[in-house]
Amino acid sequence: MLKLPIYMDYHATTPVDPRVVEAMLPYFTEHFGNAASRNHPFGWEAEEAVETGRKRIAELIGASPKEIVFTSGATESDNLAIKGVAEMYREKGNHIITCVTEHKAVIDTCKRLEKNGYRVTYLPVQKDGRISLDELKAAIGDKTILITIMTANNEIGVLQPIAEIGAIAKEKGILFHTDAVQAVGKVPFNVNELKVDMASISAHKMYGPKGVGALYVRRRNPRVLLAAQIDGGGHERGMRSGTLNVPGIVGFGKAAELCRTEMAADTARLRALRDRLNDRLHKGLDEIYVNGSIEHRLPHSLNVSFAYVEGESLLMGINDVAVSSGSACTSASLEPSYVLKALGAGDDLAHSSIRFGLGRWTTEEEVDYVADKLVNVVTRLREMSPLYELAKEGVDLSTMQWQTEGH
Amino acid sequence: MAYSNKVIDHYENPRNVGSLPKEDPNVGTGLVGAPECGDVMKLQVKVNPETGIIDDAKFKTFGCGSAIASSSLATEWLKGKTVDEALAIKNTDIVTELSLPPVKIHCSVLAEDAIKAAIGDYKKKQSIESKPAAATTLNAG
Chain L
1 MLKLPIYMDY HATTPVDPRV VEAMLPYFTE HFGNAASRNH PFGWEAEEAV
51 ETGRKRIAEL IGASPKEIVF TSGATESDNL AIKGVAEMYR EKGNHIITCV
101 TEHKAVIDTC KRLEKNGYRV TYLPVQKDGR ISLDELKAAI GDKTILITIM
151 TANNEIGVLQ PIAEIGAIAK EKGILFHTDA VQAVGKVPFN VNELKVDMAS
201 ISAHKMYGPK GVGALYVRRR NPRVLLAAQI DGGGHERGMR SGTLNVPGIV
251 GFGKAAELCR TEMAADTARL RALRDRLNDR LHKGLDEIYV NGSIEHRLPH
301 SLNVSFAYVE GESLLMGIND VAVSSGSACT SASLEPSYVL KALGAGDDLA
351 HSSIRFGLGR WTTEEEVDYV ADKLVNVVTR LREMSPLYEL AKEGVDLSTM
401 QWQTEGH
Chain E
408 MAYSNKVIDH YENPRNVGSL PKEDPNVGTG LVGAPECGDV MKLQVKVNPE
458 TGIIDDAKFK TFGCGSAIAS SSLATEWLKG KTVDEALAIK NTDIVTELSL
508 PPVKIHCSVL AEDAIKAAIG DYKKKQSIES KPAAATTLNA G
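Protein sequences, first through last, are from chains L and E. Here the first sequence stands for residues 1 to 407, numbered as in my numbering. Here the second sequence stands for residues 408 to 548, numbered as in my numbering.
Same shape as in the complex, but just chain L (with noise of 0.2 Å):
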């Protein structure tokens, strides 16, 4: 029996594992010490279970467990990787490399560090949504200490070049960071082979709690030093400060080995699952276009433009189905999705995006109420959509003069 509404808005966050659930409920009250007292029992549980998950994590990336630091998700990770590289490595270099579609936890915070001299490119993408390493290479200089570019789009589920990315970077000698946010647990990760010096999770993008991330830190070759965004008790070897949050990083360990497990089932499940929304919406309407490669794609990831419908108005007629859109008014800034417009998509086509996120509770019975409701929204928002009008009378829609005085 189909459940309404249908969750797939698996890149905004994941419902919590039943398993995870269970691994961290004694730490709320049972085992509650603080993982920094070392003094009696409580504290040695504590950190025992926190080095479990340490562990645990290290492992579904191929690092170290001391390469492991605890934060409080993805966000705070970027920051202290791209701002504890600029304040450290300020004596060698004042330039960072990034991309125009990362999340705004990278690009915000370059943002603040060019308003404190330090100079940022933004690196361009192709229409397939990933960087030209030619484009990379050219961009390094004398003074450049960092890239920092994302594995996978939380937008458009695209997985930029990586590996290729890390053997320039550790040619020229300049640090990597990755916000890996999205690919983490989805996809094979691992810190050796993608020559990535820093990397940024969360626990809540692969079916963990909530409030809870790391920030992988390389420790050898090269060992990546970071200025400490946050000062006090010189936790997590000093740096970022804070208790730990126990029951949170257990939790975390545990998605981290379910992920690890279960990867090969689950990627194979998803990607039939969203090929299959693809084909059914394919077979159903004209005119709509899957925003970025399909190749170089995480397997639980589509994003597709409706064309000449309204993101909203769509969003509207499948209020049963959570997923979201790059459609301006759904945000607050009144701007369609810049991730959309970086590739070259129309500002027509980024409004009429719909991002789907598949997981691990995704039904094949849920995959198709979704693809045939969008096919009878879509067709019915045509029906009386002006633009697809035009466009079927043969008026090209992008040389036409539009009325807009006074908007």
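A hint or two may mislead.
Unchecked claim - In silico negatives: residues of chain L with every beta carbon more than 10 Å from chain E:
#1 LYS104
#2 ASP108
#3 LEU136
#4 PRO209
#5 ALA272
#6 THR363
#7 GLU389
Claimed, not checked - Label pairs and their computed distance ranges (CB to CB):
#8 ILE535/E <-> MET400/L: 19 to 29 Å
#9 PRO5/L <-> SER506/E: 23 to 33 Å
#10 ARG19/L <-> THR503/E: 45 to 55 Å
#11 ALA138/L <-> VAL510/E: 39 to 49 Å
To be verified - BS3-like cross-link-like pairs, simulated, lysine-lysine; straight-line CA separation at most 30 Å:
#12 LYS392/L <-> LYS523/E
#13 LYS392/L <-> LYS530/E
#14 LYS392/L <-> LYS429/E
#15 LYS127/L <-> LYS137/L
#16 LYS429/E <-> LYS210/L
In case anyone wonders, no lab produced these hints; they're calculated from the structure. We put the beta carbon where it would ideally sit given N, CA and C, even for glycine.
Fit chain E to the known structure of chain L by using the hints.
Showing chain E alone in chain L's frame:
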């Protein structure tokens, strides 16, 4: 976004969706907004030449639920009104009727613009139409 029941009703059961023949001298067409702003409204009125009353009104809208509802409501109100009465419809009337929140007031403004544009187009056609009509009379005479 919480919509009022009236907005939802117009969105789910839009009144007067469709198109009237653009070339008809008694039809006025207004096309306002722009795709990059996320709203485009096409509103048409058909005026009875005998009575000067709007017999029919149709719309097509690309836009959010409030934009669809504003234009749907506008077509309902236009029917049975004279051209001058139609020009008296204010965006604030639409805001009140649909209980539009402040962020959606621009939808009602666009609907008012669409009404004005459609009536303007009709009036323009009539003034052009009356000249060749006069010429025809002369020739016939």
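Each hint tested on the structure:
no.: 1; hint: LYS104; result: holds (21 Å)
no.: 2; hint: ASP108; result: holds (24 Å)
no.: 3; hint: LEU136; result: holds (31 Å)
no.: 4; hint: PRO209; result: holds (28 Å)
no.: 5; hint: ALA272; result: holds (34 Å)
no.: 6; hint: THR363; result: holds (27 Å)
no.: 7; hint: GLU389; result: violated (6 Å)
no.: 8; hint: ILE535/E <-> MET400/L: 19 to 29 Å; result: holds (23 Å)
no.: 9; hint: PRO5/L <-> SER506/E: 23 to 33 Å; result: holds (24 Å)
no.: 10; hint: ARG19/L <-> THR503/E: 45 to 55 Å; result: holds (53 Å)
no.: 11; hint: ALA138/L <-> VAL510/E: 39 to 49 Å; result: holds (43 Å)
no.: 12; hint: LYS392/L <-> LYS523/E; result: holds (26 Å)
no.: 13; hint: LYS392/L <-> LYS530/E; result: holds (28 Å)
no.: 14; hint: LYS392/L <-> LYS429/E; result: holds (16 Å)
no.: 15; hint: LYS127/L <-> LYS137/L; result: holds (19 Å)
no.: 16; hint: LYS429/E <-> LYS210/L; result: violated (56 Å)
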